[in-house]
Amino acid sequence: MSAPAAELVNTSKRYGEVQAVRDVSFVIEPGEVVAMLGPNGAGKTTSISLMLGTRKPTSGTVRLFGMDPKDLKARSRIGVMLQESGVPGMLRVAEIVELFRSYYPAPLATAEAIRMAGLEEKAKSLVKDLSGGQRQRLYFALAVCGDPDALFLDEPTVGMDVEGRRRFLEEIGALATKGRTVVLTTHYLEEADQLARRVIVIDHGRVIADSTPAAIKARVAGKRVTFSTGTRPDESQFAGLPLNSKQIEDHRVRLLTNEPEQVLRELFRRGVEIQNLEVAGADLEEAFVAMTHQQAPT
Amino acid sequence: MSTATARSATAPVLPMLARQSYAEFVKLFRVPAFSVTSIVLPTMFYAFIGLGQAKEPLFPGSGVTFGEYFLASMALYGVANVMVLGFGISLANERGQKQDLLMKSTPLPAPVFFTAKALSALAIALISIVVLGLFAAVAAGVQLDASQWLTLGARAMLCSIPFIGLGFALGYLAGPNSAPAVTNLIYLPTAFASGLFFPLRLLPQFLQNLAPYLPLYRGAQLVWDSVGARTEGGSIASDWLYMGAYTVVFFLLALWAYRRDQGKKFN
Numbered sequence: 001m002s003a004p005a006a007e008l009v010n011t012s013k014r015y016g017e018v019q020a021v022r023d024v025s026f027v028i029e030p031g032e033v034v035a036m037l038g039p040n041g042a043g044k045t046t047s048i049s050l051m052l053g054t055r056k057p058t059s060g061t062v063r064l065f066g067m068d069p070k071d072l073k074a075r076s077r078i079g080v081m082l083q084e085s086g087v088p089g090m091l092r093v094a095e096i097v098e099l100f101r102s103y104y105p106a107p108l109a110t111a112e113a114i115r116m117a118g119l120e121e122k123a124k125s126l127v128k129d130l131s132g133g134q135r136q137r138l139y140f141a142l143a144v145c146g147d148p149d150a151l152f153l154d155e156p157t158v159g160m161d162v163e164g165r166r167r168f169l170e171e172i173g174a175l176a177t178k179g180r181t182v183v184l185t186t187h188y189l190e191e192a193d194q195l196a197r198r199v200i201v202i203d204h205g206r207v208i209a210d211s212t213p214a215a216i217k218a219r220v221a222g223k224r225v226t227f228s229t230g231t232r233p234d235e236s237q238f239a240g241l242p243l244n245s246k247q248i249e250d251h252r253v254r255l256l257t258n259e260p261e262q263v264l265r266e267l268f269r270r271g272v273e274i275q276n277l278e279v280a281g282a283d284l285e286e287a288f289v290a291m292t293h294q295q296a297p298t
Numbered sequence: 001m002s003t004a005t006a007r008s009a010t011a012p013v014l015p016m017l018a019r020q021s022y023a024e025f026v027k028l029f030r031v032p033a034f035s036v037t038s039i040v041l042p043t044m045f046y047a048f049i050g051l052g053q054a055k056e057p058l059f060p061g062s063g064v065t066f067g068e069y070f071l072a073s074m075a076l077y078g079v080a081n082v083m084v085l086g087f088g089i090s091l092a093n094e095r096g097q098k099q100d101l102l103m104k105s106t107p108l109p110a111p112v113f114f115t116a117k118a119l120s121a122l123a124i125a126l127i128s129i130v131v132l133g134l135f136a137a138v139a140a141g142v143q144l145d146a147s148q149w150l151t152l153g154a155r156a157m158l159c160s161i162p163f164i165g166l167g168f169a170l171g172y173l174a175g176p177n178s179a180p181a182v183t184n185l186i187y188l189p190t191a192f193a194s195g196l197f198f199p200l201r202l203l204p205q206f207l208q209n210l211a212p213y214l215p216l217y218r219g220a221q222l223v224w225d226s227v228g229a230r231t232e233g234g235s236i237a238s239d240w241l242y243m244g245a246y247t248v249v250f251f252l253l254a255l256w257a258y259r260r261d262q263g264k265k266f267n
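In order, the protein sequence lines correspond to chains A and B. First residue of the first sequence: 1, per the numbering used here; consecutive thereafter. First residue of the second sequence: 1, per the numbering used here; consecutive thereafter.
There's no promise every hint is true.
Claimed, not checked - No more than 30 Å apart at the CA atoms, straight line, and that leaves these computed lysine-lysine pairs for DSS-like:
| # | chain 1 | residue 1 | chain 2 | residue 2 |
| --- | --- | --- | --- | --- |
| 1 | B | Lys-264 | A | Lys-70 |
| 2 | B | Lys-98 | A | Lys-73 |
| 3 | A | Lys-217 | A | Lys-246 |
| 4 | A | Lys-56 | B | Lys-264 |
| 5 | B | Lys-264 | A | Lys-73 |
| 6 | A | Lys-70 | B | Lys-265 |
| 7 | B | Lys-98 | A | Lys-128 |
| 8 | B | Lys-98 | A | Lys-56 |
| 9 | A | Lys-128 | B | Lys-265 |
| 10 | A | Lys-246 | A | Lys-223 |
| 11 | A | Lys-178 | A | Lys-70 |
What the hints assert, rightly or not - Sample of chain A residues facing chain B (criterion: CB under 10 Å; computed from the structure):
| # | residue |
| --- | --- |
| 12 | Lys-73 |
| 13 | Ser-76 |
| 14 | Leu-142 |
| 15 | Gly-146 |
No wet-lab data here; the hints were simulated from the structure. All values reported here derive from a predicted model rather than from experimental measurement. The beta carbon of each residue, even a glycine, is placed where N, CA and C say it ideally should be.
Using the sequences and the hints given, assemble the complete structure.
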């Protein structure tokens with residue numbers, strides 16, 4: 001039997017005063033496509049860093065393919081895209097892909113990795129001359145060039161253009177079909193919904209949900225009520241309403257509630273001026289917002 | 001697990017080292033601010049300072065010409081310059097751009113990375129002394145025996161090794177913005193104080209007292225010795241001993257600086 005692709009057992013990570021990850025446990029089996037969701041600072045990147053062995057847990061155990069994540073045998077089976085990591089600007093695209101291939105025991109052909117990332121026309125360009133989106137594609141090429149069993153992608157589509165994202169999602173889908181493990185963090189919930197068969201929601205360093213996108217949506221059975229107001233809404237106007245969550249940005253109000261009729265009736269009674277009203281079923285994003293708002297920090 | 005036995009668990013090291021060394025070389029070579037200063041600067045100094053008085057004796061009655069003395073000096077200046085700038089500044093820049101973050105999560109072993117960096121800098125150092133030697137021979141008419149040329153080249157390259165350690169240490173201690181200033185602040189005055197630009201006896205007394213403890217001074221004795229321009233009575237063995245000690249000290253300093261940096265980022 002084969003070991004899990006990645007495994008965290010009662011893992012905590014503290015940076016000085018900041019508790020980034022609190023007693024997190026989960027197992028990612030080979031072939032799973034997992035999205036990690038959570039607001040900024042929730043502990044997603046730290047969780048990925050722990051799985052990659054670039055951060056040491058303060059307590060608990062982390063394993064990558066049953067090994068210490070720092071073991072080069074384990075690292076030889078993974079490909080990685082990280083937020084904000086740099087690459088040497090004075091190398092050409094094909095040169096750096098060649099270089100990264102040499103780190104892996106059974107890599108893809110250079111041209112294949114470049115094709116998967118959609119960088120065929122930039123193969124001879126210097127890395128420093130790439131645009132932000134092209135650079136992101138290069139990181140993807142570097143992540144897949146070793147033909148890894150598992151991919152760890154931290155915010156992979158940030159900065160990609162529409163075409164880049166479409167192609168990227170296709171390639172991830174193809175890798176998943178081939179039985180590769182994919183772990184990605186994202187802000188685009190639509191991406192998680194499209195790609196992942198499992199979503200791990202992290203907030204304040206804890207796993208607050210771990211199931212299919214459908215199950216997470218079902219956890220929030222409520223409706224989304226969205227409207228604008230003529231004058232800036234006052235917090236007190238929403239006091240005592242049966243709301244799961246509330247977001248107010250300038251004149252735009254987004255509410256999540258299980259009792260939309262009662263909420264609207266009460267708002268009209270209080271004389272709140274309501275324009276452009278929309279009531280719809282909650283999507284994954286609402287579910288996510290509702291869940292992370294319900295969890296009070298400890 | 002059949003897939004694990006079907007292929008080896010990690011990539012072979014030698015092809016990895018070859019690729020990495022090539023990449024490191026290209027990275028340095030394609031930055032004109034680095035490659036031009038490393039390769040051209042020693043020769044330029046030679047043209048400005050050495051050329052006019054190349055045929056004159058180093059001091060009245062000396063059998064050694066200023067051209068020979070200055071060739072040895074600039075060879076050492078050049079190779080050490082590559083090491084301190086090559087590592088000091090490029091490493092600090094790479095850290096500034098968080099290139100180490102991505103490298104750290106690949107299966108590239110750290111020793112391969114450092115060996116490749118050292119090899120690429122040694123290659124550029126070799127180019128710099130070949131260019132300098134050709135210029136000295138052709139433009140200044142410096143004539144040495146074949147064995148003297150070889151000894152000079154070999155000693156200059158060997159003397160660059162402690163500075164690899166110093167360069168690594170600077171690269172991990174200095175910030176990306178301060179690295180060029182810090183390295184030049186240390187390197188240029190040290191080169192002067194070691195008598196690389198003007199014979200030591202022309203320098204102030206306090207520098208003459210300080211010089212014997214500087215690594216460049218010990219290296220200078222070795223390269224000057226190869227052209228017969230040694231300025232100190234001591235033995236070659238003691239110079240090698242000093243260089244060996246500096247190598248150990250600088251590499252330990254580099255190791256400490258590296259661990260300190262890694263501890264901050266990857267703990």
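Violations among the numbered hints: none
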